[in-house]
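In the working numbering, the protein residues as written are 863 to 939.
Note that these hints are calculated values from the structure, not bench results. Careful, some of the hints might be misleading.
Said to hold, decoys possible - Beta-carbon label-pair distances, calculated as ranges:
#, residue 1, residue 2, range
1, I873, R906, 45 to 51 Å
2, Y866, G913, 56 to 62 Å
3, V895, R918, 53 to 59 Å
4, R918, I939, 47 to 53 Å
5, P893, T867, 18 to 24 Å
6, I933, S909, 33 to 39 Å
7, I873, L894, 42 to 48 Å
8, A937, S904, 52 to 58 Å
We put the CB at the ideal spot given by N, CA and C, even for glycine.
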Amino acid sequence: MDSYTHGIHPIPNMEKFYEDAASSTSVVKPPLVRRPSGRPKSVRMKSAAEGGTRRRIKCGRCGELGRHNKITCTAPI
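Could you put the whole structure together from the sequences, leaning on the hints where they help?
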C-alpha cells in the first residue's frame, strides 16, 4: 500500500506532462507469468501400438454395444 501514501498533484499544463513522459527513465515491464493450475497436458504422442482398444459405446436403454446410445435408441421399450 506504499503506492497510495503519496499525494497526487495536478499538472499545470499538458506540455509538462509530455515532457515528463518522454524523459522518464523507468521502464514498464510485463507482469510475471504464473504457473497455470492443474495437471499439465502431456505433449508426448502415443504410438499406434500403445493406443490399445477403443472403448465401445453401450446403449443405456437396450444394452447393445457399438451401434447407438440411449438418445438414438429405436428399440421398443
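Taking 47 to 53 Å as the stated bounds, is the beta-carbon spacing between R918 and I939 within them?
Since R918 and I939 have Cβ atoms about 23 Å apart, the given range 47 to 53 Å is violated.
Should the hint that Y866 and G913 are 56 to 62 Å apart at their CB atoms be regarded as holding?
Cβ of Y866 to Cβ of G913: about 58 Å, so the range 56 to 62 Å holds.
Hint check for T867 and P893 - Cβ pair distance inside 18 to 24 Å
holds, 23 Å
So does I873 sit 42 to 48 Å from L894, Cβ to Cβ?
violated, 31 Å
Please check whether A937 and S904 have a Cβ separation lying inside 52 to 58 Å.
violated, 39 Å
Can you let me know if the beta-carbon spacing of V895 and R918 is within 53 to 59 Å?
Roughly 42 Å apart at Cβ, these two residues miss the hinted range, so it is violated.
Given the range 45 to 51 Å, decide if the beta-carbon distance of I873 to R906 lies inside it.
Violated - the Cβ-Cβ distance for I873 and R906, about 57 Å, lies outside 45 to 51 Å.
Is 33 to 39 Å right for how far apart the beta carbons of I933 and S909 are?
holds, 34 Å
The earlier numbered hints that this structure contradicts are 1, 3, 4, 7, 8.
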